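Sequence order for the protein chains is A and B. So that you can map any letter, position 139 of the first sequence is 285 in our numbering, and since no number is skipped, the others follow by simple counting. So that you can map any letter, position 81 of the second sequence is 227 in our numbering, and since no number is skipped, the others follow by simple counting.
Simulated from the structure, these hints should not be mistaken for lab results. Be aware that one or more of the hints could be misleading.
You can't tell identical chains apart in this list, so a pair holds if it fits in one copy or across any two.
Straight-line alpha carbon distances no greater than 30 Å define the calculated DSS-like cross-link-like pairs of lysine-lysine that follow [what the hints assert, rightly or not]:
| id | residue 1 | residue 2 |
| --- | --- | --- |
| 1 | K353 | K157 |
| 2 | K347 | K151 |
| 3 | K234 | K533 |
| 4 | K157 | K234 |
| 5 | K526 | K482 |
| 6 | K173 | K372 |
| 7 | K533 | K347 |
Since the model is a prediction, treat every value here as computed from it, not as a measurement.
2 protein chains.
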Amino acid sequence: MLSQKMLELGKKSSVIREIFEYGRVRKAEIGVENVFDFSLGNPSVPAPQKVTDVMNRLIAETPAEVLHGYTSGPGDLKVRTAIAENIKTKFQVEATPGLIYMTCGAAASLTIALNAIAEEGDEVIAFAPFFPEYRVFVEQSGAKFVPVSCKNDDLQIDFDLLEKSITPNTKAVIINSPNNPSGVIVPEKDVIKLAALLNEKQKEYGKEIFLISDEPYRELVFTGEKVAYIPAYYDNSFVCYSYSKALSLPGERIGYIFVSPTMKDSSDVFAAVCGAGRALGYVCAPSLMQYTISECLNNTADVSVYEENRKILYEGLTDIGYTVIKPDGAFYMFVKSLEEDAYKFYERAKKFELLLVPSDDFGCPGFVRLAYCVDTDLIKRSLNAFKELYEDYKND
Amino acid sequence: MLSQKMLELGKKSSVIREIFEYGRVRKAEIGVENVFDFSLGNPSVPAPQKVTDVMNRLIAETPAEVLHGYTSGPGDLKVRTAIAENIKTKFQVEATPGLIYMTCGAAASLTIALNAIAEEGDEVIAFAPFFPEYRVFVEQSGAKFVPVSCKNDDLQIDFDLLEKSITPNTKAVIINSPNNPSGVIVPEKDVIKLAALLNEKQKEYGKEIFLISDEPYRELVFTGEKVAYIPAYYDNSFVCYSYSKALSLPGERIGYIFVSPTMKDSSDVFAAVCGAGRALGYVCAPSLMQYTISECLNNTADVSVYEENRKILYEGLTDIGYTVIKPDGAFYMFVKSLEEDAYKFYERAKKFELLLVPSDDFGCPGFVRLAYCVDTDLIKRSLNAFKELYEDYKND
């Protein structure tokens, strides 16, 4: 009667959702301040005042039938021009509005890009740990999802394993730096190595392999580590961007796909992007938000709170004795589970009112993810609970 | 290298887009006031002041991280509750927020609903003339698109043909009343007959056949004709709604899917809707717009201008001698082509600066569509051109 695939997807609540629901109930029981909820990657800082100011001005000054009218499918031309200019200035790469497609956020950017390129029998590689929806998006496009584990000690690309995983069916590789769920940034030297490997494989198989850079966390970097801009290193690349985190606008669904002009047959690729957007039911990205972000391209929400949170949490946890993967950016931290089964570790942490996400769904068992986009005070108070949890294991 | 299907979709510009581009160039040549452009269904009236007022208040009074934060996937619960209550009051049918899924507009409503139910081998029926994207959306879901022609004289359902077109593979029927492109409303007696036929076929084949009501033009009715509310007549029904036309917010992409509580296994169906939304990359509908429309459920843009336009154009054209299908609603009118090939008619009309859309892409050759969501003055001035066109044919 129904699409079994969609029914399963709709019914299977993710572990994160399960933890979130547990947290909701628990907070009602013992008070919101007593639950150390690190489960959700929801920006905790407001959008910059500039966003509100621009929105107010647009509403006051633009005729409603223009402001809220359809833009063209790929987005308003002035908006796309502003973004292209901004990309050129920021990253010193070529960019044209004709290769920028405005989307309803990062998830739409990915599904549209994947549907534009994928055909039956294709394989799409993602590095584990990965954002769990990658699997959903890749499989919906008709391709096979191929996770490639990172090195267990630093969660960086394992190039030997990657090389073995690339086949003549590999259509694309997804790179996500800063990474959700680990906060890890892929260093420039590894991006160079990745580009070289993909170029070599393209030659070997006589076909294109696309590199899709999913980078909603680009602006959330706290260590001085450089986030390499993929089109500067590899020709056949897409940038899938979203303003959800940089401008704290996750509910508004606004982002874009940038098809690198260095891509082979880039205008055909862009046409396929437009076709995919059309087929998936995306008519245009929300118009008020298109106009708004186009005036805020050099703004970011005040992310200093994430920086402070990261410092307190990282130092606090390592002082206690936890093994933490160096978290360069985003607002996530990956911590080694104190027992093999991270799900059991998560259950035990709950006794200390700590809500951590076991890493199995991220394709990388043995860790928990901490989303530290929460109150700084809560982080400070949580350290005692982490200490008790640690000692509970020592006393086993 | 690319998805050939998506590349084709992206490259094949629709006739409407082609006419729009021609119009843009022509307007630059001879002045915008001298081109009678009836090609685009873009609301010409502004959103009601209430929409702007609510938006301003929400921005002023709601913390930005809440207003622009993620809502749950199906949408904010308070918003969905308000919509459910509104449906109950307006249409006297049962409705619960648990069966309402907020979407990024009508196209998203349709693609998500179709993907929730369609499996390989399924067939989905739409009545011709139909909105051309129906074919795209149905085929993307994996089903076969089955157009069923309406009666040529009034463009109402041809029940004999419909009955012959329903097979054991029929998964759904799409109904669109008021209709784009014809402006025709399906009378209540035909909805009753349709429900009876589908119930009979469900019994015969021992399976569900869904009725999907695509009704963005529900509020645009000018003849007193009643628009039957499908869930009141048929159990296994979806309502796919959008605020694009009623509130003149087409660029903002906001609408919903309502799964009728009378549907078999409605909560499973709703889960499949959630799964499909997830797979297609819809994280949530734009948050500011969700909150805004929830306070404007009984408002509509001032559609009296469409009513006036309709009257002038309908009377003017029939006076000249054109055959016009009775246009009850939406802002479209279907006029019989003065020669068999509507594309040739469209070309000849261009000589008189009339931009009309030939009906072939709507699956119903021999007509042109006029979108009369334009300035009333332009309509008045266009009548002379229509007269000259008519006489040009008489003099053949």
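To see whether the hints hold, each was checked on the structure:
{"no.": "1", "hint": "K353 - K157", "in the structure": "between (38 Å within a copy, 22 Å between copies)"}
{"no.": "2", "hint": "K347 - K151", "in the structure": "between (33 Å within a copy, 26 Å between copies)"}
{"no.": "3", "hint": "K234 - K533", "in the structure": "neither (48 Å within a copy, 53 Å between copies)"}
{"no.": "4", "hint": "K157 - K234", "in the structure": "between (44 Å within a copy, 27 Å between copies)"}
{"no.": "5", "hint": "K526 - K482", "in the structure": "within (20 Å within a copy, 74 Å between copies)"}
{"no.": "6", "hint": "K173 - K372", "in the structure": "neither (39 Å within a copy, 49 Å between copies)"}
{"no.": "7", "hint": "K533 - K347", "in the structure": "neither (48 Å within a copy, 66 Å between copies)"}
When the structure is compared with the earlier hints, violations turn up for hints 3, 6 and 7 and for no others.
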